[in-house]
Amino acid sequence: MADTVEIPVVWLQGAACSGCAVSLLNSFSPGIDTVLLRELTPGKHVNLRFLMTVMAGQGQQVVRVLADTAKAKAAGYVLVMEGAIQLTHRMFATLGEEDHREVPISKWAADLARSAMAVVAAGTCAAFGGIPAGQPNPTGCVSIAELLAREGINTPVINIPGCPPHPDWLIGSLAAIMRRGLNSIEVDDIGRPKMFYGQLVHETCPRRADFDAGKFAKAFGQGGCLYELGCKGPVTYADCPKRMWNSGTNWCVGAGSPCHGCVEPDFPDRLSPLYKKIDEERLNLFRVGRAAAE
Amino acid sequence: MDSAQPQVRSGKSVVIDPMTRIEGHMKVEAVVDGGLVKDARCRGTMFRGFERILSGRHPLDAVRIAQRVCGVCPTIHATASAFCLDEALGVADKIPDNGRLVRNLVLGSNYLQSHILHFFALSALDYADVTVLAGYEGDESELKTVKAFIDRGELAPFFPRYEGDYRCSKDENRLLIRNYLKALQVRRTAHEMLCVFGGKMPHNIDIVPGGVTSDVTADKIETFAGKLAQIRAFIEDVYIPSVLLVAGRYGDYFDIGAGCRRFLSYGAFNLDSASTDPVTRRRLLPAGVLDAGGKLSPVNIGGITEQVKYSYYDDSCASPPAEGSTWPKPEKAGAYSWLKAPRYEGAPTEVGPLARTMVGYAGGHPTIKADVDAALSATKLSGRKLPSVLGRHLARALEARRVCEAMAGWLDELKPGGPVAVEASIPQAGQGAGLVDGPRGALGHWIQIKDGRISLYQLVVPTTWNGSPRDAEGIPGPMEQALIGAPVKDADNPFEIARIIRSFDPCLACAVHMLTARGDTIGEYRIV
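Residue numbers (the working numbering), protein chains in the order written: chain A, 1 to 294; chain B, 1 to 528.
Treat the hints as calculated values from the structure; they're not laboratory data.
Be aware that a few hints might be false.
[As the list claims (entries may be wrong)] Chain B stretches covered by chain A per the calculated footprint, using a threshold of three residues with CB under 8 Å from any CB of chain A:
(1) 41 to 48
(2) 57 to 67
(3) 181 to 191
(4) 267 to 277
(5) 296 to 305
(6) 438 to 449
[Said to hold, decoys possible] Calculated lysine-lysine pairs in the BS3-like style (CA-CA distance at most 25 Å, straight line):
(7) B:Lys182 x B:Lys295
(8) B:Lys12 x B:Lys38
(9) A:Lys44 x B:Lys147
(10) A:Lys107 x A:Lys44
(11) B:Lys170 x B:Lys369
(12) B:Lys385 x B:Lys38
(13) B:Lys38 x A:Lys218
(14) A:Lys215 x A:Lys194
(15) A:Lys194 x A:Lys218
(16) B:Lys12 x B:Lys489
(17) A:Lys277 x A:Lys215
(18) A:Lys107 x A:Lys194
(19) B:Lys144 x A:Lys44
(20) B:Lys489 x B:Lys38
(21) B:Lys170 x B:Lys38
(22) A:Lys218 x B:Lys385
(23) B:Lys94 x B:Lys147
(24) A:Lys107 x B:Lys332
(25) B:Lys415 x B:Lys94
(26) A:Lys277 x B:Lys450
(27) B:Lys369 x B:Lys380
(28) B:Lys147 x A:Lys276
(29) B:Lys385 x B:Lys450
(30) B:Lys329 x A:Lys107
(31) B:Lys295 x B:Lys147
(32) A:Lys276 x A:Lys215
(33) A:Lys276 x B:Lys489
[Said to hold, decoys possible] A short list of chain B residues far from chain A (calculated; beta carbon distances all over 10 Å):
(34) Pro157
(35) Pro160
(36) Phe254
(37) Gly293
(38) Ala347
(39) Thr367
(40) Arg401
Glycine included, every Cβ here is placed at the ideal spot set by N, Cα and C.
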């Protein structure tokens, strides 16, 4: 036990809904108790120093935890960012005080990212802006990668989008970083691990046979392919059909609902209206463009 | 003098920022003098502008976008949003029974998940001391794991913490920590159960205007029933006994944190599809308003207003929510919160499981009265006051059992293969209100449709009621009132304040929102 290496993880929440944190709690294999208490990979333990939803402490004592982590000389910790970063006004999101003045979360994000070994963008808001950055983006939300670019911070960012991301995508990516390093993870052209986001939903969908046979649901509750009801599976890269959600119980299409493409940078604005059929021209452009990029 | 500024000149200022083990971003400020809280302010510290994001979108998208206001309670937002759209689309009285029942089952699943999460993951570390397991010599696998964890010496996320008031015996602490770990699994099971019909969770996908998208099959019913049975056993054998154990050791918390003693419930879980009146329709959890004098009345929707004197919004924005328009003013003098101040007939009003229990008890609701009387008399709690920190925990636990039992009945009512939704078309113009209680209390969604698009969307959310700042009269919100007068033994470890705040189960992401009618450029600022 004495040989266990502690990997500090700080989980910061910006323009977020805590859905990514709750999805983390839904991890099935390993369960969240195992993640918190045992080694996640051989010889390494996630030392979850900061996550507002679960940690015992509050107030100045946990602000100190953040500040001490950011000051660490050796880049030995991982920053997990949940939520987008509001840039229009410093008071739109604050956490803790410094000299009796509220500290913007954007400052925490930049300070913590600067000396982290890696930044994990948990969820579509942190990865691409997501719903808080949806039209008209009232609080000037950007992704964590965009914040880092503006601040000239070179820490590598890995994107784990989803609204929320599947717990396997989060824990699996974290474990892969701990086991073999961030560079060992093969990512697509927008920073998503190919092991989770490597195939279109449409490619592995159990209703694909209905699509090929031209059997389409025309109203909610009907069987058949959900393409006519607005399914974005043909333009969405995720392994939901194979992995399924909530310990493998079900997934969106299994509940008779079209995929909304919640892992994509286009979510929500360019995939709206969510229940409108994607036009074939756009479909073709997307597939050609994506194939050419690879 | 500005009544939002601390009125007490002497005393020690206590700031808790961030308040944790709640949803979202919150700051609590108190002035403590002579061992008592003399003044308190609750501040919402994060703002996204959700209603503005909804404006102009396709009405069907409202449910999916609005539920993402909160990842802890998306299901109730999906429900309220579907209700307001049912009305706007003219199908509120046409929801098939399967659709109504699946909505109830999905919402009920998240009630159970939310209540279990709240008592264990969010609250238990205020009452249970994990350090007793350092000396554990027994054979239970989970507890041996905790001991090994402690022996390694890095105790995050269980440290740092407030110190000085852990009262349980070694055995009781072990039991509570074991139950805390068990609860992490059972709340996940509740999400799995939800997902049988809801597709995925957080952000279930099945609830739509007109009903639900998920078909009803015998297989789904039995999968759901199997998970429900596990959760029901946990509530009976672990959750309620854990609350009673804590109640036995921390009995003074039945005298702390009373709050404003006025209660509002919209009710929840529709029992038939025909009635649509938000005030009189039949619901499992009853609607009503109970005033401080014990008088019970039906909900008067017209009595709901929102005030903004101490909120970061333009002063012109105080209005009934159906007409709400809000303009952010982050530099506004005297303002201290991104929450508005909802008031019922002019007064601060508490919402949530305690409010539903008080309303139901006052109205002679048979199971609520029997549950509460049994819990109070079977223990040494008789004569204690329900409006209190522990009263809120107890009300939540008893409500979880009540909802669980009703869900078992709804499963029996489902008809495999029957219709789950009625087709509805989007009108060029329309409006609707969706009023329903979620795990944390009374929730309202209001929609207006113009030219086939959302022209206005407004939410009044449970934590906006409970966590509201002062109103135009300077009257503090319910959580602020619960703090004022409370004891604080050690201003450096103000665990009393944390316990009072957490008893309300605050959800700040939901509570902060706005709608702007004008364009918005405040200018970018630089990060230092």
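Comparing the hints with the structure gives:
1. Coverage of a stretch by a chain is defined here by at least three residues with a beta carbon nearer than 8 Å to that chain's beta carbons; for the segment 41 to 48 of chain B and chain A the count is 4, and the condition holds.
2. With 6 residues having a Cβ less than 8 Å from any Cβ of chain A, the segment 57 to 67 of chain B passes the three-residue criterion, so the hint holds.
3. Interface restraint, the segment 181 to 191 of chain B with chain A: holds (6 residues with C-beta to C-beta distance below 8 Å; minimum three).
4. Figure legend: the segment 267 to 277 of chain B, annotated as covered by chain A; annotation inconsistent (0 residues with Cβ-Cβ distances under 8 Å, at least 3 required).
5. Counting residues of the segment 296 to 305 of chain B whose CB falls under 8 Å from any CB of chain A gives 0; the rule of at least 3 is not met.
6. Counting residues of the segment 438 to 449 of chain B whose CB falls under 8 Å from any CB of chain A gives 0; the rule of at least 3 is not met.
7. Distance check on the hinted pair: Lys182 of chain B and Lys295 of chain B sit about 41 Å apart at the alpha-carbon level, beyond 25 Å; violated.
8. Between Lys12 of chain B and Lys38 of chain B, the direct Cα distance comes to roughly 10 Å. Compliance with the 25 Å bound is thereby established for this hinted pair.
9. For the hint pairing Lys44 of chain A with Lys147 of chain B, the CA-to-CA distance comes to about 17 Å; that is within 25 Å, so the pair holds.
10. For a cut-off of 25 Å, the pair hint linking Lys107 of chain A to Lys44 of chain A is broken: about 29 Å separates their Cα positions.
11. A C-alpha spacing of about 35 Å is found between Lys170 of chain B and Lys369 of chain B, which places the hinted pair above 25 Å, so the restraint is violated.
12. Taking the CA atoms of Lys385 of chain B and Lys38 of chain B, the gap is about 22 Å. The hint holds against a cut of 25 Å.
13. At roughly 62 Å between alpha-carbon atoms, Lys38 of chain B and Lys218 of chain A are farther apart than 25 Å, so this suggested pair is violated.
14. For the hint pairing Lys215 of chain A with Lys194 of chain A, the CA-to-CA distance comes to about 31 Å; that exceeds 25 Å, so the pair is violated.
15. Simply put, Lys194 of chain A and Lys218 of chain A have alpha-carbon atoms about 33 Å apart, too far for the 25 Å limit, and the pair is violated.
16. A distance of roughly 12 Å separates the Cα atoms of Lys12 of chain B and Lys489 of chain B; the hinted pair therefore holds under the 25 Å criterion.
17. Simply put, Lys277 of chain A and Lys215 of chain A have alpha-carbon atoms about 15 Å apart, close enough for the 25 Å limit, and the pair holds.
18. Distance check on the hinted pair: Lys107 of chain A and Lys194 of chain A sit about 31 Å apart at the alpha-carbon level, beyond 25 Å; violated.
19. Between Lys144 of chain B and Lys44 of chain A, the direct Cα distance comes to roughly 18 Å. Compliance with the 25 Å bound is thereby established for this hinted pair.
20. Under the criterion of a C-alpha separation no larger than 25 Å, the hint pairing Lys489 of chain B with Lys38 of chain B is consistent with the structure, at around 13 Å.
21. With a C-alpha separation of about 35 Å, the suggested pairing of Lys170 of chain B with Lys38 of chain B is violated against the 25 Å cut-off.
22. For the given pair, Lys218 of chain A sits about 55 Å from Lys385 of chain B by alpha-carbon distance, which is inconsistent with the 25 Å threshold.
23. About 57 Å separates the Cα atoms of Lys94 of chain B and Lys147 of chain B, which puts this hinted pair outside 25 Å; it is violated.
24. A C-alpha spacing of about 22 Å is found between Lys107 of chain A and Lys332 of chain B, which places the hinted pair at or below 25 Å, so the restraint holds.
25. Our distance criterion of 25 Å between C-alpha atoms is met by Lys415 of chain B and Lys94 of chain B, whose separation comes to about 17 Å.
26. Among the hinted pairs, Lys277 of chain A with Lys450 of chain B is consistent with the structure: their alpha-carbon atoms are about 22 Å apart, no more than 25 Å.
27. For the proposed pair Lys369 of chain B and Lys380 of chain B, the alpha carbon gap of about 18 Å is at most 25 Å, so the pair holds.
28. As the CA atoms of Lys147 of chain B and Lys276 of chain A are separated by approximately 54 Å, the hinted pair breaks the 25 Å bound.
29. Using a Cα cut-off of 25 Å, the hinted pair Lys385 of chain B and Lys450 of chain B is violated, with the two alpha carbons roughly 49 Å apart.
30. A threshold of 25 Å between alpha carbons decides the hint, and for Lys329 of chain B with Lys107 of chain A the separation of about 21 Å falls inside it, so the pair holds.
31. Restraint check: the Cα-Cα separation between Lys295 of chain B and Lys147 of chain B comes to about 52 Å, which exceeds 25 Å; the hinted pair is violated.
32. At roughly 17 Å between alpha-carbon atoms, Lys276 of chain A and Lys215 of chain A fall within 25 Å of each other, so this suggested pair holds.
33. This hinted pair does not check out: Lys276 of chain A and Lys489 of chain B have alpha carbons roughly 59 Å apart, beyond 25 Å.
34. Non-interface call for Pro157 of chain B relative to chain A: violated, since the shortest CB-CB distance, roughly 4 Å, does not exceed 10 Å.
35. Distance to chain A contradicts Pro160 of chain B as a non-interface residue, since its nearest Cβ pair spans about 4 Å, not more than 10 Å.
36. Look at Phe254 of chain B: its CB is around 23 Å from the nearest CB on chain A, clear of 10 Å, so calling it non-interface holds up.
37. Look at Gly293 of chain B: its CB is around 36 Å from the nearest CB on chain A, clear of 10 Å, so calling it non-interface holds up.
38. Against chain A, the non-interface label of Ala347 of chain B holds: every CB pair exceeds 10 Å, the least being about 29 Å.
39. The Cβ of Thr367 of chain B lies farther than 10 Å from every Cβ of chain A, with a closest approach of about 30 Å, so its non-interface assignment holds.
40. For Arg401 of chain B, the non-interface assignment is confirmed: its Cβ lies about 23 Å from the closest Cβ of chain A, beyond the 10 Å cut-off.
Hints 4, 5, 6, 7, 10, 11, 13, 14, 15, 18, 21, 22, 23, 28, 29, 31, 33, 34 and 35, counting from the list given before, are not met by this structure.
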